[in-house]
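Q: Please put together the full structure from these sequences, using the hints given.
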Amino acid sequence: MKSRYDVVVVGAGPAGSVAARCAAAGGLDVLLIEKRQEIGSPVRCAEAVGVESLRPYLALDSRWVNAEVARFAVCNAVGDVVCLPPTEPTLVVERKIFDRELARLAAEAGAEVQAKTTAVGLLHDNGRVSGVRIQRAGQEYEVSARLVVAADGPESQTARWAGLETVPPLNDYYVSVQYLLSGVGEKVKPTECQYHLDVDFAPGGYAWVFPKGSNTANVGLVIEANYADTESAQARLERFVERHFPHASVLSVVVGGIPVTGGIRQMATHGLVVVGDAAHHADPLTGGGIGLGMMGAGLAMEVAVDALRRGDVSAGALRSYEAQWRRRFGRSHQALYKARKLAARIGQESINDLIKQASQLDLENMSLGEVALRLFAKHPLLLVEVGKLIATGFILK
Amino acid sequence: MNTGIKSPEKSIVVRRELCGSCGACVAVCQQNALFLLNAYLYVDAAACTACRRCVRVCPVRALSLVDVDMQQPAEVLL
Ligand SMILES: Cc1cc2nc3c(=O)[nH]c(=O)nc-3n(C[C@H](O)[C@H](O)[C@H](O)COP(=O)(O)OP(=O)(O)OC[C@H]3O[C@@H](n4cnc5c(N)ncnc54)[C@H](O)[C@@H]3O)c2cc1C
Ligand code: SF4
Ligand code: SF4
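Chains G and H, in that order, give the protein sequences. In our numbering, each number is its position in the first sequence, counted from 1, plus 571. In our numbering, each number is its position in the second sequence, counted from 1, plus 48.
FYI, nobody ran anything at the bench for these hints, they're computed from the structure. Predicted, not measured: the structure shown is a model, and the values here were computed from it. Backbone N, C-alpha and C fix where the C-beta goes; we use that ideal spot for every residue, glycine too. Incorrect hints may appear among the rest.
Simulated restraints on C-beta separations [as the list claims (entries may be wrong)]:
1. Ala98/H with Glu659/G: 21 to 27 Å
2. Leu944/G with Leu85/H: 42 to 48 Å
3. Ser112/H with Leu944/G: 26 to 32 Å
4. Asp933/G with Gln78/H: 48 to 54 Å
5. Glu757/G with Lys58/H: 46 to 52 Å
6. Ser574/G with Ala94/H: 29 to 35 Å
7. Glu809/G with Ser112/H: 15 to 21 Å
8. Ser891/G with Leu85/H: 58 to 64 Å
9. Glu757/G with Leu85/H: 51 to 57 Å
10. Leu85/H with Ala680/G: 27 to 33 Å
11. Leu85/H with Lys949/G: 38 to 44 Å
Covered stretches of chain G, going by a simulated chain H footprint (3 or more residues, C-beta under 8 Å) [unchecked claim]:
12. 744-754
13. 819-832
14. 898-912
A: Following this line, the structure appears as structure tokens:
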């Protein structure tokens, strides 16, 4: 490790590794640090990701693809199921291998990667971020950088040290527990991702069952943090597993949180950009953020590499990344955000009923308009709510 | 970082055998009083205002807010 770099990236998740790789490919001197001793592990993810978002960054590889998803099955609390084709080709991946491959590609592009190396503070110079205080192998180092990239995930301290507001309100924060289950049997189809909308288990969120091959599956749930008071996320998952997979074994336990605000207010300041979950890039409806984190990091580095070349890494120059991010994702994120709030508002009975109605329709041979008409006929409340969404200018993608 | 004894009467205690080092609590602490280093969660007792946000969000209930006996050594409070 040297004492000076052009760019120091904090956090080697998908967003950080993509940021480091883009910067290195742009001819810059880059350090990528990761506090865990093994990049990609422990996993904090259900591991479903759309192929389109990966395409610019890496070629598909059977080493980290566990399943190709042919359909999404959306289930209500009383046993009805609507099956939908995925909106884009989707995979269930092995993030341990996937994350490490992304970090390896960053190293191959010329970035220096250091695991078990933690950012413990920032250096400041004249009101701008000028480097990172790093702890590694029991020693503390001051490493200066022209640009710091905060890619340190939901707990991002790096952005906070720079004075940016990243703490989500509890009603925009998902808390989550997931088990990797073995012996899941017939209930899991090898190419089907299940989503369970049932407030008894996952109030303000949902439970999922994603196939991982070889009779295993990621089975987990997210709840809106406000609902964790009455029963913890883990206790809820225990009940869900008892109900659906009473005989399965637990191969691993995953815990975590996901900010679902739809994006922090300010994603850059003098000498620093924030990307990925640290910037709340994840989908504010599903909490999915692998692909969005990578795309956000890609956008940020296009702007930042150019800013570094011009020698202007002021907040003004870097915030054009934020403007671009909002142009690309602002509207769809707001629509997804509102859809989450809408789902919470209409209540379980309406959800049960909607899924039941939809399960009886021949979705493959109907236009979206026909489907909407049939569902709205029975649910005028929903029509009003969707009307409001459209009236405010947001239409679901 | 201050990891010593907190002067007010409440403090956050981590049950290490439950904690999965996920950082969900760190993300919601408005005082930035929590920090994960080498998979261990540290509490900056002086910064903590005992708001309980971290206690509420922990997916595995590893955190609790306890009355502090001022005589307790710092390690017990970490
Ligand atoms: C249970 C669960 C299920 C999920 N399921 C899905 C899913 O199916 N599909 C999907 O797309 N998304 C899913 N997500 C969200 C997804 O995991 C994140 O959006 C994604 O990992 C974000 O990538 P990132 O690179 O921004 O952050 P992360 O992957 O969180 O990476 C941040 C990295 O920074 C490191 N770090 C933090 N602080 C420091 C420091 N001080 N110094 C050095 N390193 C540091 C961390 O150790 C971590 O490795 C899920 C999340 C959870 C919790
Ligand atoms: S939220 Fe709970 S499990 Fe996660 S780091 Fe905090 S104390 Fe540990
Ligand atoms: S009680 Fe509040 S201030 Fe104290 S550590 Fe928890 S979240 Fe932070």
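Q: Against this structure, judge whether each hint is valid.
A: Checked hints:
For Ala98/H and Glu659/G, the Cβ-Cβ distance of about 46 Å falls outside the hinted range of 21 to 27 Å, so the restraint is violated. At about 57 Å, the CB distance of Leu944/G to Leu85/H disagrees with the hint of 42 to 48 Å. Checking the proposed 26 to 32 Å range against Ser112/H and Leu944/G shows it is violated: the Cβ atoms sit about 52 Å from each other. The hinted range of 48 to 54 Å is satisfied by Asp933/G and Gln78/H, whose Cβ atoms lie roughly 51 Å apart.
Distance hint for Glu757/G and Lys58/H: a CB-CB separation of about 50 Å, consistent with the stated range 46 to 52 Å. For Ser574/G and Ala94/H, the hinted distance range of 29 to 35 Å is satisfied, since their beta carbons lie about 31 Å from each other. At roughly 20 Å, the beta-carbon separation of Glu809/G and Ser112/H lies within the given 15 to 21 Å, and the hint holds. Look at Ser891/G against Leu85/H: about 35 Å separates their beta carbons, and that is not inside 58 to 64 Å.
For the pair Glu757/G and Leu85/H, the supplied restraint of 51 to 57 Å is violated, since their beta-carbon distance comes to about 45 Å. Between Leu85/H and Ala680/G, the C-beta spacing of about 29 Å keeps the proposed range 27 to 33 Å intact. At about 54 Å, the CB distance of Leu85/H to Lys949/G disagrees with the hint of 38 to 44 Å. Given as covered by chain H, the stretch 744-754 of chain G passes the check, having 4 residues with a CB less than 8 Å from a CB of that chain where 3 are the minimum.
Counting residues of the stretch 819-832 of chain G whose C-beta sits closer than 8 Å to any C-beta of chain H gives 6, which meets the bar of three, so the coverage hint holds. Counting residues of the stretch 898-912 of chain G whose CB lies closer than 8 Å to any CB of chain H gives 0, so the stated coverage by that chain is violated, three being the minimum.
When held up to the earlier numbered hints, the structure conflicts with 1, 2, 3, 8, 9, 11 and 14 and fits the remainder.
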